[in-house]
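Starting from the known structure of chain A, arrange chain B on it as the hints suggest.
Protein sequences, first through last, are from chains A and B. Heads up: the first sequence begins at 0 in numbering that gives the first Met the number 0, then just goes up one per residue. Heads up: the second sequence begins at 0 in numbering that gives the first Met the number 0, then just goes up one per residue.
These aren't lab readings, by the way, just hints derived from the structure by calculation. Hints should not be assumed to be uniformly reliable.
Said to hold, decoys possible - Simulated crosslink set (BS3-like; lysine-lysine; CA at most 30 Å straight-line):
1. A:Lys136 / B:Lys371
2. B:Lys358 / A:Lys136
3. A:Lys371 / B:Lys331
4. B:Lys63 / A:Lys75
5. A:Lys331 / B:Lys136
6. B:Lys358 / A:Lys331
7. B:Lys409 / A:Lys331
8. A:Lys402 / B:Lys331
9. B:Lys136 / A:Lys136
10. B:Lys75 / A:Lys118
11. A:Lys358 / B:Lys331
12. B:Lys136 / A:Lys423
13. A:Lys136 / B:Lys402
14. A:Lys358 / B:Lys136
15. A:Lys136 / B:Lys423
16. A:Lys409 / B:Lys331
17. A:Lys63 / B:Lys63
Stated by the list, open to error - Computed spacing ranges between beta-carbons, pair by pair:
18. B:Gln463 / A:Gly32: 20 to 28 Å
19. A:Gly32 / B:Gly426: 26 to 34 Å
20. B:Asp182 / A:Glu474: 44 to 52 Å
21. B:Glu233 / A:Val356: 52 to 60 Å
22. B:Asp182 / A:Pro71: 26 to 34 Å
23. A:Val356 / B:Gly198: 51 to 59 Å
24. A:Phe457 / B:Lys196: 52 to 60 Å
25. A:Ile465 / B:Pro175: 45 to 53 Å
26. B:Arg461 / A:Leu351: 40 to 48 Å
Built from N, CA and C at the ideal position, the CB exists for glycine as well.
2 protein chains.
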Amino acid sequence: MGRTVEPRLLRGLRDILPEQMHARQWIIDTIRGVYENYGYVPLSTPAIEYLDVLSGSAGEETQKELFEVVGPAQEKLGLRFDQTVPLARVVAQYRDLPRPFRRYQVSPVWRMEMRPNEKRGRFREFTQFDIDAVGVKSDIADVEMITAMCDTMAALKTGPFRVRVSSRRVLNLLLPYAGIDPDRAHDVFRVLDKLEKLGAEKIRLELTTGYKDESGAPIRGLGFSDAQVDRIDEFLAIQGDRRDDVLAQVREQFRDVEGAEVELDALEAMSQTLHTLGYGDDQVVFDPRLARGLAYYTGSVFECVLEDLPTFGAIGGGGRYDDLVLRFSGEKVPAVGTSFGVDRLLIALFELGRVPVRKSTAQVLVSVFDRKMMDDYVAMTYELRRAGVRTELYLGNPRRVGKQIEYGDKYEVPIVVIYASDEKAKGIVQIKDMAIGRERTAEIADRDAWKAERPGQFEVPRDQLIPAVQKLLREIEGEV
Amino acid sequence: MGRTVEPRLLRGLRDILPEQMHARQWIIDTIRGVYENYGYVPLSTPAIEYLDVLSGSAGEETQKELFEVVGPAQEKLGLRFDQTVPLARVVAQYRDLPRPFRRYQVSPVWRMEMRPNEKRGRFREFTQFDIDAVGVKSDIADVEMITAMCDTMAALKTGPFRVRVSSRRVLNLLLPYAGIDPDRAHDVFRVLDKLEKLGAEKIRLELTTGYKDESGAPIRGLGFSDAQVDRIDEFLAIQGDRRDDVLAQVREQFRDVEGAEVELDALEAMSQTLHTLGYGDDQVVFDPRLARGLAYYTGSVFECVLEDLPTFGAIGGGGRYDDLVLRFSGEKVPAVGTSFGVDRLLIALFELGRVPVRKSTAQVLVSVFDRKMMDDYVAMTYELRRAGVRTELYLGNPRRVGKQIEYGDKYEVPIVVIYASDEKAKGIVQIKDMAIGRERTAEIADRDAWKAERPGQFEVPRDQLIPAVQKLLREIEGEV
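In isolation and in its complexed conformation, chain A is listed as follows (with noise of 0.2 Å):
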């Protein structure tokens, strides 16, 4: 075979192993349900998309971070590094789609993160769980987005959170109330949306000067003046936990520029609809910084922390995005979505040990006594599996006892199922419930000393297994 490949990945990708992968599975399912009883339908695209359908749709910052894809005429291909932009497409592509088109879609997207943090949940391969509501005008819609996103939260039993909610539109009006010009918005916007990952500092001199980073690298400034700063500082000052009172203070700001009155109508209606539906101050708050990085936006954006873990940064997020189907079509399609980092979301609910964590999915294991009874144990695996009971025959080296149950206590399976010559001639089976004595068990090595104690262990006639299983199981799950 020659010498060996070391078994390794690249910074940035990880394995996710069994035990996450039932809490992600779950986390999965549980905004799959949500995303259907609002009626959204699935959609599937494929990761590789033509360089030329990703690359100027999000801008640079997204740009810099494409995985790069040749194909078989090489052609210029790369990974999708979210899942709208491939929607525009979509929606572009096949002009019989029914609108509004409301689809979900959860899939991998790759992003050439130049500093991946595990810790922080910043991967360079990461699923997200979207919602988009395409060919949709009506703040209505918007609204949609955020009850979903506080649906979910309830539905995962988070824990508190809260979506925070701002419009790029009234982010807009900053830039006359400040006398910036409308051009340089995106330049403006893109450095707001860094203020919570590097202070109200830092930013005043990347919107002034500029400055060099811990790594001595220098942050070009954007050369705006002191006067300019200091009417964004005023609207960076406007906080408050409740929706009515962040609105009047922006009302109050902005109260001679033009085109502020209706912006900020849309957003009190849209904040009275929630309040209408049961979602309060207590879930959906106003924040007028929130700008959110990617290009696309044109309107409300909003995005969704967990207010146990301060410092985790966003695990969902959105907003409208108006213009992005234009680049394919040249038709305008209002648009407006939200996504959950699926990877995020595992990483902060383990953190917060707010999970349903279970190692194995056998609910049931059955062990090998005796290589000779390879029949009897292949028939009761079968057995049980028939009877819907998730069951496991142990297929390793059957050798020692101690080995297999180790085994089944390492996964966590609940019931092992035990039967050997003895049994088969008293026509029993032996039922073990791994919970009763777990630690007990690790301490006895051979099978003589282990028949002796037996914890959580009793004996059922063969052909009342099913029933005794079945029995336990609801014994056990009853407990949880």
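Using the frame of chain A, we list chain B on its own:
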């Protein structure tokens, strides 16, 4: 915005639109149900692996089909072409995983297929759903793979199918029988694997002198003698509907070949276990010609075909690969696995009309007749959702009633709720069963004509909306 970008995909890549996605999700959920019933645990690995991990594991053919990716520091990377090689890497990398390690994984894989063919389900990106048992020598594990395939096909209600089974170790006996050097085993099997695709004549030519294919490209011959190929042909001629019968023919042919008896006894024992468990000759057949292309197989090989689509090719398959982990760890770890092609299954079952077809997720569409009553529509929508009814609020342009009914019709939403100022004044709401009089509705353009007929429509008090919808849904879904 400048010029538009043409919305398009590379050949062999495809979008899966909602109607197919509903069926695909059902396929995945069904397979997952069977695999979990067998007690397999979920695993996820990233799409991107180091190139040296992927290359050289599965033979030349696969090597040529790798999509390469370049990392942030010019690392040589590639997209996985299967889920088995990444699994072998995982087993070598995480030494404290329990053994046996029995995992399932469902994710896309990528192969730079030179002749993609959508109709035959040959894609460049496709999703596989695998189970593998690693650290398992027992043939019972191989039996389990075969029964899991059968149980999956039964759960999917695919109609008649066959799992064809053979063994590389039996195929290996063909080499001494035909006087061929064992070092050339892989060359021979690679050619035999193409038997069904190319026919007996071309196989003979490729084993001997070579030939030119349709494009005129020379296919190199392996240079075996006619006498050698006659012996191979004798072997290839073996067939039969009963496993016992096929085994007897192989026994007869290899009666003088050293080591044949022990291999054939093993196959016979597997067959016996399958019979005992109820997997008869109608589900599992022996086909000694079956080779399966991948270079890493070392023992049993199997694949599953749909009897009603005889030319479609296998929709799943697998085998034993005892040497794959060795590449990464230097440790020999016996393993066996099987894989369904989810996208191939989807295409095949759609062609056979054997998938549940559903266009909408929503069970109810709340239509919008009067923009001033939006608060009422929003309230109804959330009431229905909170009662567990999958509900969509129509958020397209509400000007024309007919357009909304058309929309509900296109998506085949079973129920539309109708509520205008008349209804509000009377304290009622209209419920429309869309299946009744679907044809009539399409012909009715304006509201007055529509109001006169109202096919399949009835009214209930507003406060009876939820129970009335739930009752109608039970009736509709009972009909299916």
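Cβ distance range 26 to 34 Å for Asp182 (chain B) and Pro71 (chain A), holds or violated: 32 Å, holds
Glu474 (chain A) and Asp182 (chain B) - C-beta distance against the hinted 44 to 52 Å: This hint is violated: roughly 60 Å between Cβ atoms.
Restraint check for Lys331 (chain A) with Lys136 (chain B), where alpha carbons must lie at most 30 Å apart: 61 Å, violated
Range hint 52 to 60 Å (beta carbons of Glu233 (chain B) and Val356 (chain A)) holds or violated: 58 Å, holds
Restraint check for Lys358 (chain A) with Lys331 (chain B), where alpha carbons must lie at most 30 Å apart: Measuring from Cα to Cα gives roughly 26 Å; hence the hint holds.
Pair hint outcome, Lys75 (chain B) versus Lys118 (chain A) [Cα-Cα no greater than 30 Å]: 26 Å, holds
Proposed proximity, Lys402 (chain B) with Lys136 (chain A) (alpha carbon, max 30 Å): Distance of about 16 Å is within 30 Å: holds.
Agreement of Lys63 (chain A) and Lys63 (chain B) with the hint, judged by alpha carbon distance not exceeding 30 Å: Satisfied, since the Cα-Cα distance of roughly 29 Å is no more than 30 Å.
Pair hint outcome, Lys136 (chain B) versus Lys423 (chain A) [Cα-Cα no greater than 30 Å]: 26 Å, holds
Given hint Lys136 (chain B) paired with Lys358 (chain A) - CA-CA distance at most 30 Å: The given pair, whose Cα atoms are some 24 Å apart, holds under the 30 Å limit.
Hinted pair Lys136 (chain A) and Lys371 (chain B), Cα distance within 30 Å: Status holds; Cα separation ~16 Å.
CB-CB spacing for Gly198 (chain B) and Val356 (chain A) relative to the 51 to 59 Å hint: 55 Å, holds
When held up to the earlier numbered hints, the structure conflicts with 5, 9 and 20 and fits the remainder.
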